[in-house]
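Chemist: If you want the building blocks of each chain, they are given just below.
Protein chains: 2
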Amino acid sequence: MQLLTPSLIFVGYIHMSELQTAAPLFNTVALIGIGLIGSSIARAARVRGTLACRVVANARTSATLNRVRELGIADTCELAPEDAVADADCVILCTPVGAFASVAESIGPHLKPGAIVTDVGSTKQSAIRDILPHLPENVHLVPGHPMAGTEFSGPDAGFSDLFEGRWTLLTPPPGTNPEAIAKMKEFWKRCGAMVSVMDPGHHDRVVAIVSHLPHLIAFTICGTADDLADETRQEVLQFAASGFRDFTRIAASDPVMWRDIFLNNRDALLEMLARFTEDTQAMARAVRWGDAAYIEDKVHRGRKIRQALIDLKQA
Amino acid sequence: MQLLTPSLIFVGYIHMSELQTAAPLFNTVALIGIGLIGSSIARAARVRGTLACRVVANARTSATLNRVRELGIADTCELAPEDAVADADCVILCTPVGAFASVAESIGPHLKPGAIVTDVGSTKQSAIRDILPHLPENVHLVPGHPMAGTEFSGPDAGFSDLFEGRWTLLTPPPGTNPEAIAKMKEFWKRCGAMVSVMDPGHHDRVVAIVSHLPHLIAFTICGTADDLADETRQEVLQFAASGFRDFTRIAASDPVMWRDIFLNNRDALLEMLARFTEDTQAMARAVRWGDAAYIEDKVHRGRKIRQALIDLKQA
Chain A
1 MQLLTPSLIF VGYIHMSELQ TAAPLFNTVA LIGIGLIGSS IARAARVRGT LACRVVANAR
61 TSATLNRVRE LGIADTCELA PEDAVADADC VILCTPVGAF ASVAESIGPH LKPGAIVTDV
121 GSTKQSAIRD ILPHLPENVH LVPGHPMAGT EFSGPDAGFS DLFEGRWTLL TPPPGTNPEA
181 IAKMKEFWKR CGAMVSVMDP GHHDRVVAIV SHLPHLIAFT ICGTADDLAD ETRQEVLQFA
241 ASGFRDFTRI AASDPVMWRD IFLNNRDALL EMLARFTEDT QAMARAVRWG DAAYIEDKVH
301 RGRKIRQALI DLKQA
Chain B
1 MQLLTPSLIF VGYIHMSELQ TAAPLFNTVA LIGIGLIGSS IARAARVRGT LACRVVANAR
61 TSATLNRVRE LGIADTCELA PEDAVADADC VILCTPVGAF ASVAESIGPH LKPGAIVTDV
121 GSTKQSAIRD ILPHLPENVH LVPGHPMAGT EFSGPDAGFS DLFEGRWTLL TPPPGTNPEA
181 IAKMKEFWKR CGAMVSVMDP GHHDRVVAIV SHLPHLIAFT ICGTADDLAD ETRQEVLQFA
241 ASGFRDFTRI AASDPVMWRD IFLNNRDALL EMLARFTEDT QAMARAVRWG DAAYIEDKVH
301 RGRKIRQALI DLKQA
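Going down the list, the protein sequences come from chains A and B. In terms of the working numbering, the first sequence opens at residue 1 and continues consecutively. In terms of the working numbering, the second sequence opens at residue 1 and continues consecutively.
Do not take every clue at face value.
Each pair may be met inside one copy or between any two copies, as identical chains are not told apart.
[Unchecked claim] Here are the simulated EDC-like cross-link-like pairs (lysine to aspartate or glutamate), alpha carbons at most 16 Å apart as the crow flies: (1) Lys-313 - Glu-164; (2) Lys-304 - Asp-246; (3) Lys-313 - Asp-87; (4) Lys-304 - Glu-137; (5) Lys-313 - Glu-186; (6) Lys-304 - Glu-151; (7) Lys-189 - Asp-75; (8) Lys-189 - Glu-164; (9) Lys-304 - Asp-227; (10) Lys-183 - Asp-291; (11) Lys-304 - Asp-254; (12) Lys-189 - Glu-231; (13) Lys-183 - Asp-89.
In case anyone wonders, no lab produced these hints; they're calculated from the structure. Keep in mind that this is a model prediction, so the values were computed, not measured.
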């Protein structure tokens, strides 16, 4: 009888990455809103196992929560936001930004001392304006903006790799607890994202030009085409070339989300639109008067910027 | 001694498509300009074998022609356009549209009676204006616009499948010989394209909104971003999101080609830009005054048009 026979049992391949061996960052994460971004965070938590021991999902309708149950991407579903946050160490607002004030008002009195409140909205000054006044003193606000997404929405649209290799920008207000900031940095890194911390106002200007203005333009040109006389409009669809076709892809986004973004980044968006409009008018003048050198120079600049993006591996 | 032994020699797989068994449509095709589009036609002629018995290439510089010789995509290279067209049944202008008048003037007296002259430019009223006056009576002008391309240029950028499944629009002036039109239809079908015949002025309005205006916008917004203060500009590159990133891809196009397109579709482009500018100003007003319903409606229209494109398989 041999008691000490060494034995080797093959239990499958274990991926020994640093992340998967780390202890979960939070006990309970509550997701208020579980669309494309919220459900991607939920799935990342499931797949990676290092974000949270428990994920609580909240949605406006029981239909959405039933779908979340079917998908099996959350541990608990709560229809009332105040119930969802009661036990949470980290609360992530994943609703359109226009709902932040009312959500913050509902959950404020129910937040656990020491909890971190964050969000995934595209406008950061408005997030601070709408959330901060409703939070108790002992709760930390670390607003965030994962720059990832697709043109699809709802809990079925999410996937666990959505944030992989993409930037998440954190915009904590002055005086925010450094440990809370460090924890949210780590959270997004564990989601696969690259993280940068910046001033909320600066953030809003940068995204106004890289994201909000391009979307405003794309929505608008679709309307301009749709207003053309019938015959032309039909042929616009039939012969949609590269250019217009790419714009329609950008334009196929969630109406409520984008309405809220435009209304909540008003000043930066209007400033960037005013600059852009001046520049299109200068281009129109060059076209009207045949200023070939001006036009060529502008096209050259487009190429140069494209090249800079390729060099930065952002293209 | 057996003289009549049957023998089977394997000479490779023969693709018995209808096209490849048809006789070549033209004896000699001359390509004036051999960049992305011209070299793609040359390659299609090589691969398909049913377009022309012989392809003659012309370019402005002997460096380009030497490259064409290295690539082996033409049967003959001629540095003088008049030599290139001397024996051609079909002459295809593949230069930027701004060069059409001077090319037509050079080749006009050297064209073979009964030859077809066509082009691949994106502006069709200007093509007729610039080419037709230089053609002898017994030569047929059938302007064409293959709606295909990439952001790359030059004879190395072409490929034989470029036109596969894409539209080519033909815009013959009133009174054009129907046989010449039928022959150019067949030519583009044999290149793999879908073909539609339309009025030149109507063509110019349709492409102004589906292609020229989106390019003007893309070039412009790159300049707007490039003019921002240093700190913001760097972050525009670093955090380039979907939207701006897509615009830079559109903007990475050939400067001379686009300069010529803008200058030669001036009226339609300025009209579409004026309509678009009115619409952006209406959107700006809605953003400034918080007109949520207006913004939502515009985003909905963008989605609707995207869906219409998907239904038409153009997306």
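Chemist: Take the hints in turn and mark each one as holding or not.
Modeler: Do the hints match the structure? See the list:
1. Lys-313 - Glu-164: Close inside one copy (14 Å), not across copies (30 Å); limit 16 Å.
2. Lys-304 - Asp-246: Close across copies (15 Å), not inside one copy (20 Å); limit 16 Å.
3. Lys-313 - Asp-87: neither (41 Å within a copy, 49 Å between copies)
4. Lys-304 - Glu-137: Cα proximity of Lys-304 and Glu-137: none, with 48 Å in one copy and 46 Å across.
5. Lys-313 - Glu-186: neither (23 Å within a copy, 43 Å between copies)
6. Lys-304 - Glu-151: Answer is between: at 13 Å across copies they meet the 16 Å cutoff, but 28 Å inside does not.
7. Lys-189 - Asp-75: Classified as neither: same-chain Cα gap 22 Å, cross-chain 58 Å, threshold 16 Å.
8. Lys-189 - Glu-164: within (9 Å within a copy, 43 Å between copies)
9. Lys-304 - Asp-227: Intra 34 Å, inter 13 Å, cutoff 16 Å: inter-copy only.
10. Lys-183 - Asp-291: Neither. Shortest intra-copy (55 Å) and inter-copy (38 Å) distances fail the 16 Å Cα cut-off.
11. Lys-304 - Asp-254: between (32 Å within a copy, 12 Å between copies)
12. Lys-189 - Glu-231: Classified as neither; 52 Å inside a copy, 25 Å across copies.
13. Lys-183 - Asp-89: For Lys-183 and Asp-89, the Cα distance is within 16 Å only inside one copy (11 Å; across copies 73 Å).
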